[in-house]
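Undergrad: Got chain A; can you put chain B on it based on the hints?
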Amino acid sequence: MSNNETSDIQAFRNQAARLHRRLSHWRLLEGIFWLALAASWFLLPSRHMLINEIAVLGLFALSLDLILGYAGIISLGHAAFFGFGAYAAGIITKYGVTDPLAGLVIAVALTAVLGFATSFLVLRGSDLTRLMVTLGVNLILYEIANQVTWLTGGADGLEGMNLGPLLGFDFDIYGAVAQAYSSVVLFVLFLIARRVVHSPFGWSLRAIRDNPLRAAAIGVPVNRRLIAVYTLSAAYAAAAGALLAQTTQFASLDVLAFHRSADVLLMLTIGGTGYLYGGLIGALAFDVMHDILSDITPQYWEFWIGLLLVTMVLVGRERLGRLPVLLAERLLGRKPGHAAE
Amino acid sequence: MLTNLFDGVAYGMLLFVLACGLAVTLGLMNLVNLAHGAFAMAGGYLTVVMVNHLGLPFFAGLPLAFIATAIIGVVMERLFYIHIYAKNPLDQVLFSIGLIFMADATVEYFAGSSQQFINLPDFLKDRFEVLGVSVGYYRLLIIIVCGVTAIALQTILTRTRFGSRLRAAVDDRRVARGLGINVNLVFMLTFAVGSGLAGLGGALGAEILGLDPTFPLKYMIYFLIVVTVGGTSSITGPFLASLLLGIADVAGKYYIPQFGAFIIYTVMLVVLIWRPHGLFGRATTK
Numbered sequence: 004m005s006n007n008e009t010s011d012i013q014a015f016r017n018q019a020a021r022l023h024r025r026l027s028h029w030r031l032l033e034g035i036f037w038l039a040l041a042a043s044w045f046l047l048p049s050r051h052m053l054i055n056e057i058a059v060l061g062l063f064a065l066s067l068d069l070i071l072g073y074a075g076i077i078s079l080g081h082a083a084f085f086g087f088g089a090y091a092a093g094i095i096t097k098y099g100v101t102d103p104l105a106g107l108v109i110a111v112a113l114t115a116v117l118g119f120a121t122s123f124l125v126l127r128g129s130d131l132t133r134l135m136v137t138l139g140v141n142l143i144l145y146e147i148a149n150q151v152t153w154l155t156g157g158a159d160g161l162e163g164m165n166l167g168p169l170l171g172f173d174f175d176i177y178g179a180v181a182q183a184y185s186s187v188v189l190f191v192l193f194l195i196a197r198r199v200v201h202s203p204f205g206w207s208l209r210a211i212r213d214n215p216l217r218a219a220a221i222g223v224p225v226n227r228r229l230i231a232v233y234t235l236s237a238a239y240a241a242a243a244g245a246l247l248a249q250t251t252q253f254a255s256l257d258v259l260a261f262h263r264s265a266d267v268l269l270m271l272t273i274g275g276t277g278y279l280y281g282g283l284i285g286a287l288a289f290d291v292m293h294d295i296l297s298d299i300t301p302q303y304w305e306f307w308i309g310l311l312l313v314t315m316v317l318v319g320r321e322r323l324g325r326l327p328v329l330l331a332e333r334l335l336g337r338k339p340g341h342a343a344e
Numbered sequence: 194m195l196t197n198l199f200d201g202v203a204y205g206m207l208l209f210v211l212a213c214g215l216a217v218t219l220g221l222m223n224l225v226n227l228a229h230g231a232f233a234m235a236g237g238y239l240t241v242v243m244v245n246h247l248g249l250p251f252f253a254g255l256p257l258a259f260i261a262t263a264i265i266g267v268v269m270e271r272l273f274y275i276h277i278y279a280k281n282p283l284d285q286v287l288f289s290i291g292l293i294f295m296a297d298a299t300v301e302y303f304a305g306s307s308q309q310f311i312n313l314p315d316f317l318k319d320r321f322e323v324l325g326v327s328v329g330y331y332r333l334l335i336i337i338v339c340g341v342t343a344i345a346l347q348t349i350l351t352r353t354r355f356g357s358r359l360r361a362a363v364d365d366r367r368v369a370r371g372l373g374i375n376v377n378l379v380f381m382l383t384f385a386v387g388s389g390l391a392g393l394g395g396a397l398g399a400e401i402l403g404l405d406p407t408f409p410l411k412y413m414i415y416f417l418i419v420v421t422v423g424g425t426s427s428i429t430g431p432f433l434a435s436l437l438l439g440i441a442d443v444a445g446k447y448y449i450p451q452f453g454a455f456i457i458y459t460v461m462l463v464v465l466i467w468r469p470h471g472l473f474g475r476a477t478t479k
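Protein sequence lines correspond, in order, to chains A and B.
Last residue of the first sequence? That's 344 in my numbering, and every number before it is there in order.
Last residue of the second sequence? That's 479 in my numbering, and every number before it is there in order.
Watch out, some of these pointers could steer you wrong.
[What the hints assert, rightly or not] Taking beta-carbon pairs under 10 Å as the criterion, some of the chain B residues facing chain A (in silico):
{"id": "1", "residue": "His-276"}
{"id": "2", "residue": "Gly-291"}
{"id": "3", "residue": "Ile-293"}
{"id": "4", "residue": "Ile-414"}
[What the hints assert, rightly or not] Negatives, chain A to chain B, calculated, CB over 12 Å:
{"id": "5", "residue": "Asp-11"}
{"id": "6", "residue": "Ala-14"}
{"id": "7", "residue": "Arg-21"}
{"id": "8", "residue": "Arg-30"}
{"id": "9", "residue": "Phe-36"}
{"id": "10", "residue": "Ala-41"}
{"id": "11", "residue": "Ala-112"}
{"id": "12", "residue": "Ile-147"}
{"id": "13", "residue": "Met-164"}
{"id": "14", "residue": "Phe-172"}
{"id": "15", "residue": "Asp-175"}
{"id": "16", "residue": "Thr-251"}
{"id": "17", "residue": "Gln-252"}
Bear in mind the hints are in silico, worked out from the structure with no lab data behind them.
Glycine included, every Cβ here is placed at the ideal spot set by N, Cα and C.
If we strip away everything but chain A, and leave its shape as in the complex, we get (with noise of 0.2 Å):
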């Protein structure tokens, strides 16, 4: 009997390490997104800064994905983490780290901690408390960074950061060392956010999303899950804003405005949540539509974003979200719908 169940549950284990391996493997459309991203660089050298700020805020969006697409959490306010990393990126260079590694590496650690603090906050309460919760840290950040202008330089934006060179290779003003830069640091958060998604830890993740009740049922600290993935997406966000303020150098109010939060939400909507690639090819959507439609009426682009979202949520978002893959899955032949993790 006892050996039955052994053998029983070594088989589900044998199982379930299949099923694992299967989702988790390297496939050949990653393969071609990641060395499109590479070709870029060689390919459009008028884009430089076109497609550097794609990557930055395709980082930002991996990081909303991080808690909303894996973990459930809902947040209005992300771009606290953005802003604050951007501003620590920024406040840190103006005083001396004028290294943009080191910067990147202490703003991420910094806005971490926050992350880390304010991660309590969204712990308990529905969808809508979580909502305001983090709307309310955001707008907070937001009047602090608008008040200590000896600091921030208010609404007049942090001026007179002198970014050192990188490993050598000063920043250009066509922006060439700043896609090469963000692209790399891009690929190599995307690397550790995929093996943190594919590990026993993002599964759970993903039980929580579904279910909290059963997850903590079937043993998962649910509380601790959490607390770790946003401080997680915390510091992704971060690293999007330092990227952000050390390639414009600059950094102002805007970081923190309500609009980044929104876009952002935008972004990972558009490319489909839960997947990663969604905030990449959600960001280069937005930024290609913005580009296109801003073209065309100038002012009232806003409009049009309105329309597509308006129009998403009556269709349906896992339909339109998961347009892309499907196309492309198609295109290759494969059958479709098995992308989806």
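TA: Chain B alone, transformed into the frame defined by chain A:
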């Protein structure tokens, strides 16, 4: 000092009329409608058109703003909101942010981005002195209109058949349906009244809050604070919360301007953490 208190009360009353519709849709119907301010903006702009361009008297413009916005509310509810009652909060957030963007751009397209003013009758611009308190007629008008509205709402909600139907529909949709209550109709009417009140508030508040295309986003957080601090289990909760917020905001801006809106945001966070169902709310079973 007392003048500030008076202005704060008027401001708070105004916030209440603006936000009480949100308290109902958000708290009772579980609909995260961030675009509530867009209805207020619609009311404000419609009043500008009616009073400034069509030459209607201001006092006719106010009820018309209520009615027109309520009709817009019904149309929006039938066309769109009815599909998202059952969706998850994220969808509702995205949907209403989309609506805000569209409303902003539309208003900017037709009216430009500059601030709008409604032509007020001259006597409303005056002030008079009572016991050393300088009282503006306009703010007095706001207090009267909003006070009457609050009392009427409370009466409707607690004393009428419609009120009990609404409460029943909110407590348990399925059972209410089983008892023969037309839940959809109740929700539609509630949504209409809520949007109408926002429109009325937008018309009344144009003078004090300012009216421009950024209105919905600028005041969204204030409405949300009223609802979260006040709780949603009654009308009195949001009412008291609005008064507190109004008085605190006016006093804060007057006495400690260097803190800005910092204090009210912090208070909101503390309340949310300390009592997630609001200061005056009670925990619901949902």
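Undergrad: Each of the hints needs a verdict: does it hold here or not?
TA: Cross-check of the supplied hints:
1. For the restraint placing B/His-276 at the interface with chain A, the shortest Cβ-Cβ distance is roughly 6 Å, inside the 10 Å limit, so the hint holds.
2. Contact between B/Gly-291 and chain A, as hinted, is supported at the beta carbon level, the nearest pair being about 3 Å apart and thus within 10 Å.
3. Checking B/Ile-293 against chain A: minimum C-beta separation of about 7 Å stays under 10 Å; hint holds.
4. Taking 10 Å as the C-beta cut-off, the interface hint given for B/Ile-414 holds, the closest approach to chain A being about 6 Å.
5. Listed as outside the interface, A/Asp-11 is consistent with that label: its C-beta sits roughly 37 Å from the nearest C-beta of chain B, beyond the 12 Å cut-off.
6. Remark: the non-interface label on A/Ala-14 is consistent with the geometry, its nearest Cβ contact in chain B lying 37 Å away (cut-off 12 Å).
7. Its beta-carbon lying about 32 Å from the closest one in chain B, A/Arg-21 satisfies the requirement of being farther than 12 Å from that chain.
8. The claim that A/Arg-30 lies off the interface holds: its Cβ sits roughly 27 Å from the closest Cβ of chain B, which is beyond the 12 Å cut-off.
9. Annotated as non-interface, A/Phe-36 keeps its C-beta farther than 12 Å from every C-beta of chain B; the closest such distance is 25 Å.
10. At roughly 33 Å, the least C-beta separation between A/Ala-41 and chain B is larger than 12 Å, which holds for a residue marked as non-interface.
11. Look at A/Ala-112: its CB is around 24 Å from the nearest CB on chain B, clear of 12 Å, so calling it non-interface holds up.
12. A cut-off of 12 Å between C-beta atoms contradicts the statement that A/Ile-147 is not in contact with chain B; the least separation is 7 Å.
13. Against chain B, the non-interface label of A/Met-164 holds: every CB pair exceeds 12 Å, the least being about 25 Å.
14. At roughly 40 Å, the least C-beta separation between A/Phe-172 and chain B is larger than 12 Å, which holds for a residue marked as non-interface.
15. Here A/Asp-175 stays apart from chain B, with its beta-carbon at least about 36 Å from theirs, past the 12 Å limit.
16. Non-interface status of A/Thr-251 relative to chain B is upheld: no Cβ of that chain comes within 12 Å, the nearest being about 25 Å off.
17. At roughly 28 Å from the closest C-beta of chain B, the C-beta of A/Gln-252 stays outside 12 Å, upholding its exclusion from the interface.
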